[in-house]
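Trainee: Go ahead and model the full structure; you've got the sequences and the hints to work with.
Going by my numbering, the sequence shown opens with residue 295, and the numbers climb by one from there.
Think of the hints as simulated: they come from the structure by calculation, not from any bench.
Computed from a predicted model, the values in this text were never measured in an experiment.
For every residue, glycine included, the Cβ atom is placed at its ideal position computed from N, Cα and C.
Warning: the hint list may mix true and false statements.
Claimed, not checked - Derived CB-CB ranges, DEER-like:
1. T424 with S491: 51 to 57 Å
2. A562 with K453: 45 to 51 Å
3. N415 with S381: 29 to 35 Å
4. S374 with K453: 45 to 51 Å
5. T347 with I430: 28 to 34 Å
6. T336 with V459: 29 to 35 Å
7. I430 with S381: 20 to 26 Å
8. P383 with A441: 53 to 59 Å
9. P465 with A441: 23 to 29 Å
10. A498 with A433: 52 to 58 Å
11. L372 with A338: 23 to 29 Å
12. P334 with R477: 50 to 56 Å
13. S381 with V514: 32 to 38 Å
As the list claims (entries may be wrong) - With a cut-off of at most 25 Å between alpha-carbon atoms, the simulated DMTMM-like pairs for lysine to aspartate or glutamate come out as follows:
14. K453 with E414
15. K431 with D369
16. K436 with E487
17. K431 with D497
18. K346 with D366
19. K436 with D518
20. K384 with E341
21. K384 with E422
22. K324 with D355
23. K346 with E422
24. K431 with D389
25. K346 with D396
26. K431 with E326
27. K436 with D355
28. K436 with E485
29. K453 with D518
30. K346 with D365
31. K428 with D366
32. K346 with D378
33. K453 with E485
34. K384 with D366
35. K453 with E487
36. K428 with D378
37. K421 with E341
38. K431 with E353
39. K431 with D365
40. K453 with E521
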Amino acid sequence: YVPLLCCVLVSSLQLFPAALLDLSGAAQVKGEWMGSTTLPCTYAPSEGFTQKTLTWSLERDFTTSTIFRRDDSGDHVLLSRFRDRVSVPKHNSGDASLQITDLQIPDSGHYTCQIVWRSENYSLITKEVTTTVKVIKVAVTKPTIVAGALGLAVPLGAKASLTCVAHGSPPISYRWFRAAPGRTGQLLSSEAELVWSSLQPSDAGTYYCEAQNRVSAGTVQRSDAVELTVRDLPTAAVTPESTVGYPGKDETTQSSQRTHLYLVILIAVLGGAVVFLVIFAIACARKPKRESIYEVAFNSTADVIRMDTGAEVPDKCRKEKKNSETEESYETVTMTCNNYESMTGNNYKSVCLSENAESETLVNAMESEYEVQDLQ
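Mentor: Structure representation (structure tokens):
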């Protein structure tokens, strides 16, 4: 019996596949003018059946026009006045609902959702559902007041706002009033939102708003009044930072001070070392220069004969030669002075005498040096 039952079920599926593919929709949908609405069209996906085409059409004044079509090539909006206003979900299998935005009065009519499926044996199954759409204009509702983030008790100097919210067919006009005892309210604004950039004590009071649209035929809807209060800022005792103990901060400050002290000491030591090196370098540069000058002067007076003579000469001969040269030098100086005196007169006699005295002193010093050498 089991194989027979399976064969019966398979035959039933082949004969009555439409029983598994049933579209669901709404008979009538009302949409607000300038608003948006959704026309439902759904089904339960069934294994072995693939959606081939989907179309939405509008029947109005005995004329039918295709609005939307989806096939293997993609989505297409075929009626120009619905372009950018209609859409169908793409990635939700089994949902073919039509979404319409910015509803207009001519959008009222009979909308038909038609879907064609293809089975595994390439047979086609077509189902459709019709929904009547009525676009209406809705009168404005009684507005409500929504306070800002800080509520109705706002600190002094803070930003505050009150928003008037009403429902109905657009456009909706708003007006804000401030209530005054014993007289009509004071008109403040014609916007939906009333804003204070910096609330002051004079802004505290009772506020209400009114809403109106074209459908209401001059009827104005008024909200309930709200009380806005301005509260003072809380005062807090300010403790100087110097009197507050911060263990972590104190340790950081002490460590920073020690680091600065070490840097000062290091800079002072390096500066002293640099000054000492500069003074030492200057002293070393000057001392060899003086010694070399002294040695040149000494050699020029005593060793000149020794440097010019290539062969060794006995000490006695050297001394005699030095004496003779010294005497010749003395006589030359004397003769020079005498000649100079005879040429220039007696005005420079003192100069020659001074030069002769210096020459005699030099000769005596050299003779003393030679005598010391003889004794040695």
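Trainee: Hint by hint, note whether the structure agrees.
Mentor: The hints, checked one at a time:
1. T424 with S491: 51 to 57 Å: holds, 55 Å
2. A562 with K453: 45 to 51 Å: At roughly 58 Å between Cβ atoms, K453 and A562 fall outside 45 to 51 Å, so the hint is violated.
3. N415 with S381: 29 to 35 Å: holds, 33 Å
4. S374 with K453: 45 to 51 Å: Hint holds: Cβ distance 46 Å, inside 45 to 51 Å.
5. T347 with I430: 28 to 34 Å: Between T347 and I430, where Cβ atoms are some 32 Å apart, the hint holds.
6. T336 with V459: 29 to 35 Å: holds, 33 Å
7. I430 with S381: 20 to 26 Å: holds, 22 Å
8. P383 with A441: 53 to 59 Å: violated, 37 Å
9. P465 with A441: 23 to 29 Å: Since P465 and A441 have Cβ atoms about 24 Å apart, the given range 23 to 29 Å holds.
10. A498 with A433: 52 to 58 Å: About 34 Å separates the Cβ atoms of A498 and A433, which means 52 to 58 Å is violated.
11. L372 with A338: 23 to 29 Å: holds, 28 Å
12. P334 with R477: 50 to 56 Å: holds, 53 Å
13. S381 with V514: 32 to 38 Å: For S381 and V514 the Cβ distance comes to about 37 Å; the hint holds.
14. K453 with E414: violated, 67 Å
15. K431 with D369: Given that 25 Å is the threshold and the Cα spacing comes to 31 Å, the pair is violated.
16. K436 with E487: Between K436 and E487 the Cα gap is close to 16 Å, so the pair holds against 25 Å.
17. K431 with D497: Violated - the C-alpha atoms of D497 and K431 are around 38 Å apart, more than 25 Å.
18. K346 with D366: Judged against 25 Å, a Cα distance of about 7 Å means the pair holds.
19. K436 with D518: holds, 9 Å
20. K384 with E341: holds, 19 Å
21. K384 with E422: holds, 19 Å
22. K324 with D355: holds, 19 Å
23. K346 with E422: holds, 14 Å
24. K431 with D389: violated, 29 Å
25. K346 with D396: Since the Cα atoms of K346 and D396 sit roughly 30 Å apart, the hinted pair is violated (cutoff 25 Å).
26. K431 with E326: holds, 6 Å
27. K436 with D355: violated, 36 Å
28. K436 with E485: holds, 16 Å
29. K453 with D518: Within the cut-off at roughly 23 Å; holds.
30. K346 with D365: holds, 6 Å
31. K428 with D366: violated, 32 Å
32. K346 with D378: Within the cut-off at roughly 24 Å; holds.
33. K453 with E485: holds, 17 Å
34. K384 with D366: holds, 13 Å
35. K453 with E487: holds, 13 Å
36. K428 with D378: Cα-Cα ~20 Å, so holds.
37. K421 with E341: holds, 17 Å
38. K431 with E353: With a Cα-Cα distance of about 21 Å, the restraint between K431 and E353 holds, given a limit of 25 Å.
39. K431 with D365: With a Cα-Cα distance of about 35 Å, the restraint between K431 and D365 is violated, given a limit of 25 Å.
40. K453 with E521: Holds, at about 16 Å.
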